[in-house]
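Take the given structure of chain U and dock chain D to it, following the hints.
2 protein chains.
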Amino acid sequence: MTTRPGRRGPLPIENVTIADEFWAPRRQIVRDRTIPHQREHLAAGGQFDALRLAWRPGDPHEPHVFWESDVAKWIEAASYVLARERDADLERDVDEAIGLLGNAQQPDGYLNVYFTLVKPGQRFTDLRDAHELYGAGHLIEAAVAHYEATGKTSLLDIVKRYVDLIDRELGPGGAIEGGYDGHEEIELALVKLYRATGERKYLELSERILDNRGTEPYYFDLERDRRGDEGWAGDHAAFRARPQQPELFREYSQAHAPVREQRHVVGHAVRAMYLYSAMADVALERGDLELRTACERLWNDLVSTKLYITGGVGADRTLESFGGSYDLPDADAYAETCAAIGLVFWAHRMALLTGQAKYIDVLELALYNGVLSGISLDGTHFFYGNPLATDHGLERSAWFGTACCPPNLARLLSSLEHYIYARDDTSLTVNLYVAGSARWEQDGGSVSLHQATAYPWDGNVTLTVETDAVRTFALKLRVPGWAGSAYHIAVNGEAVAVNIREGYATLQRAWHSGDSVLVSFQMEPTRIWADQRVRSTLGKVALRRGPIVHCVEEVDNAGPVSGLGLKRSSGLRIEHPDTLDVDQIVAEGVFEPTPGGGLYTCAPHSACNVEIRTVPYFAWANRGKGAMTTWLREAAEGALG
Amino acid sequence: MTTRPGRRGPLPIENVTIADEFWAPRRQIVRDRTIPHQREHLAAGGQFDALRLAWRPGDPHEPHVFWESDVAKWIEAASYVLARERDADLERDVDEAIGLLGNAQQPDGYLNVYFTLVKPGQRFTDLRDAHELYGAGHLIEAAVAHYEATGKTSLLDIVKRYVDLIDRELGPGGAIEGGYDGHEEIELALVKLYRATGERKYLELSERILDNRGTEPYYFDLERDRRGDEGWAGDHAAFRARPQQPELFREYSQAHAPVREQRHVVGHAVRAMYLYSAMADVALERGDLELRTACERLWNDLVSTKLYITGGVGADRTLESFGGSYDLPDADAYAETCAAIGLVFWAHRMALLTGQAKYIDVLELALYNGVLSGISLDGTHFFYGNPLATDHGLERSAWFGTACCPPNLARLLSSLEHYIYARDDTSLTVNLYVAGSARWEQDGGSVSLHQATAYPWDGNVTLTVETDAVRTFALKLRVPGWAGSAYHIAVNGEAVAVNIREGYATLQRAWHSGDSVLVSFQMEPTRIWADQRVRSTLGKVALRRGPIVHCVEEVDNAGPVSGLGLKRSSGLRIEHPDTLDVDQIVAEGVFEPTPGGGLYTCAPHSACNVEIRTVPYFAWANRGKGAMTTWLREAAEGALG
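Chains as they are written, first to last, in this note's numbering: chain U, 1 to 641; chain D, 1 to 641.
Just chain U, same shape as in the assembly:
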């Protein structure tokens, strides 16, 4: 993902280093454990072997429609690792996987083993359910990552041939003329392919697919009528009501209206995030104001009515979809890990599109909370859903039958470099505070910026410029929304007053090597309340410190967490005990035993004072099973014994 001239874009991975006490060990675990763990599971599940095209009906490990996407996401994650470090073994594994993909590719460019082996002759008949273009999209993302990391075109050549076939088939007289995939993904991938190759046809194809969506006649009805049956997922329990609820299932794939006219965030949350990401990409590349307005409208709907305090999205587990406005249950939250990752993708693109830091606020929220909760501290166990409360505890799984979340985590965390800085011709933007450095060309010379910080545990960041000559550029520092006006900026030791525009403090000056900027955000633990229309949070309060949302686990507290109440008046302090190596918030609270004597009683027990201890939400469920809650009951007036 390189920066295109004049356009705001991320820095390439090789220009960024991450030497951060929070992120570096996590990324090392992803590299050392998560990526190998995933390769093992792919090998054991038959995903690699399927590409040898040796499977025959009756054999074990029948190929699945989205197996290529599993392999592709693994290649993509591994490629991001290769972009920052040499690793001959890993590179050989990647090359081997690419070789298998080449082996599975058909003479005309087609590449999906399910339709090659299991359902020959049925390719491109079921875009609604069968994930073919989704798989192609992940292959494209992998190819771009691999090409940018290694300079090799082995996978890029494979996907170009496949995309050329898709392009033809989507065109006049093609098998999928006027079509689009039920699961968005290829749209954003094609923009990446355009940026990596400079070939405009890929951008145009992305835009065409976007604009096909939601038009009449309804493509998924057309292909169903051609096909004559309910298709690949027609018999799946969640989809059986489809014939009776056509509108609901059009929304499920965001195909209820042309994308430019969509007003509300609906349907399958991951699909929605990928779609909106592509819309933002195309809006940026095309300067398409209509598309940008649609993105902004959808964003406002999301953040004002459908976003969990953790950055999770997609409340409804039945269809892995958004609920209605303010429909944000806590224990029953779905909040799929992949959807929070998708929100990071979308937020990033919105920030690049608009230059506004409010999008990074949400990106940061999702990244440090609803994304990171999806992976265990040991890097080998994963949550698909991320509820905000549980009565009995939950455990992460080593793998899933539909294994989208684990490799999605690996590829996001391995490409964190992309999200820290943004660059255009005249400025460098610091979006995330992560210790390390950035290097870029400025007016023909090389400039580096070094970040030193203990973020997210501490709000002080020291930025040091290193340059071969005096260079004039704007250094734009994001002032996180959570910081409000409680921040302080000093240049070379002298406090400066800076106007904040679009959420950024902009320091426009001629920078000398050694110039330093200290930016400090007051990082006090803070109570958060939700709009009262959110039923699950009524009478409850959450705790946040900086970008980190906290929760209460049974293991740190005496008695059931449902008995805990937080006093509105009590102070909150920070402790950093050995457990989990995270900051805890410690609050003076009350414990009110459950009223005894049956289900209902008119005599509650007396409450007693207790200390309430939190942990960051991302760290929960790493110490065995136990109750957890993110929203904590506020102590009732008069409840104390």
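I should point out that these hints are in silico values taken from the structure, not numbers from a laboratory.
You may find that some hints are simply not true.
[To be verified] Derived CB-CB ranges, DEER-like:
1. Gly597/U <-> His512/D: 54 to 64 Å
2. Gly596/D <-> Gly493/U: 37 to 47 Å
3. Glu575/U <-> Gly324/D: 33 to 43 Å
[What the hints assert, rightly or not] Every beta carbon over 10 Å from chain D, so not counted as near; a handful from chain U, in silico:
4. Gly46
5. Val470
6. Gly493
7. Cys602
A virtual CB, placed ideally from N, CA and C, is assigned to each residue, including glycine.
Just chain D now, with coordinates in the frame of chain U:
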């Protein structure tokens, strides 16, 4: 429903008068409006016409499997009216409906128009879904009510012929040998038939059907295999997952285990209530301790983990079924009106079986709250589900496609006489405090008891004995569980100390005509808290006064009800404004505006003091659509501005 010698039982309707300011007007509305309203809907829907057997395929108003039950429940309700008053027009309408049922009865006694006209040749092939024995049960209940009200045997003769056929078919070599209906009902109806006729074979048939349930081989699998398809409801959305979740759907019909072994209240709530009612009936008639123990075990499970504070039961709307323990959502509560009515039936039978008043406590709770909320004050609009909260308000419907609840309400409210008193040879029990009188034979003479009370708005009840001679018997007065020890009893003006046994104050004496008993229950508004394992009620409190559970409606209060908070320290007082002609609780509360500035905020607005006004839960949704909540947030410590 007559009292059998020596056995505890209700008084017949004609021995009881209700002259009560709360109930008499409601029953008059049921008689004047609800019962005619229902007859009109049955006529318009084709339920009566179907019985002429003139329907042919292609005609409108295709008969439905449970149309007989709709007609039967209407006859039953009307019969209860006829038991207390002469009404030639109503009696003629009833006779006409019975004539139609006679017309529809087949020569061999069979009586279900759906299988006679729509699916000829398929009778008794689908007990799981097709409600045939359920319909027969309602016909039996109607016949017993009609016979006891009028002395006529016209319907009783019809149902006896039908029951004889069912008895044969359930026997060796019959079409449904070893079977039972997916929807319980005939079991309790057969006990009524036994009691009305004295014919023991009906009790034995009930017991046989009960003991068939839940045995292996599983009857519903046997009949499916014989039938070769998924049956009448196989394609209904809610049942499509049946093949994948056999255990869930066995529980749905309480057929997961033999009834004597069942431990947990599960499945479709109405079915469950009707089953447990029949179990209690048979336990009483047979002195069957094993069956009684099963009933008590199921009861304890219900009241300790699955009962709404309103007496509603069956939390889950998807399958109209019980959820898990403590799974009692408020806004999403299903709590079907018929299920609360079924709980009244079961609780009544448990009280008769055990002589314990705790069952009447639940009966009273359900009756005054979760049952009565099902019918509008004007008697012509009905709730199927009875949620405990709503954000936007709900409106009762004039009728339903599946119209079980309206006639169920009519037959319960029209037979309220049965629930007020219980009688055995040596005692009269007052279970409900309802102004009016009871008359019974005592030692060859006639005794009357007159109740004067403004219950449920006032806790004072004056009971006066009228007798032709001094009669010795025990007068057992229920001390409601909600009263705790705050009650007072005086006989002829003198306070008496009475031990409470099984929830009853027993006054054993030689009664003279004119003897009076004053019983007073302190009826203060009371806060109720739920077990903290009930997620929807955490941090919330409910208000109850006497048997009446209150709720907060938007129309009586300033601002959204979600912003209201009740202080634990504030006093509660009673007002009786003109609106709705009910007592309101008025409490000093706070109003805390929803935090502004988006979905989440770290700065709540200041709260202000407000008066919170409640109405009885049964009276809600009678003044247009608006938000309502039964569980009110407790004001947070420190929230006041």
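Worksheet entry | Whether Val470/U stays farther than 10 Å from all C-beta atoms of chain D, as the label says | About 42 Å separates Val470/U from the closest Cβ of chain D, which puts it past 10 Å; holds.
Item to complete: Take the C-beta atom of Gly596/D and the C-beta atom of Gly493/U, compute their distance, and say whether it sits inside 37 to 47 Å.
Response: 39 Å, holds
Worksheet item: Quick one: are Glu575/U and Gly324/D within 33 to 43 Å, going by C-beta?
Response: At roughly 37 Å between Cβ atoms, Gly324/D and Glu575/U fall inside 33 to 43 Å, so the hint holds.
Worksheet item: Taking the minimum C-beta separation from Gly493/U to chain D, is that value above 10 Å?
Response: 31 Å, holds
Worksheet item: Does Gly46/U sit more than 10 Å from chain D, CB to CB?
Response: 25 Å, holds
Worksheet item: Is the gap between the beta carbons of Gly597/U and His512/D within 54 to 64 Å?
Response: 41 Å, violated
Worksheet item: Is it the case that Cys602/U keeps its Cβ farther than 10 Å from each residue Cβ in chain D?
Response: Incorrect as stated: the minimum Cβ-Cβ distance to chain D is 5 Å, not above 10 Å.
Comparing the model with each numbered hint stated earlier shows that hints 1 and 7 do not hold.
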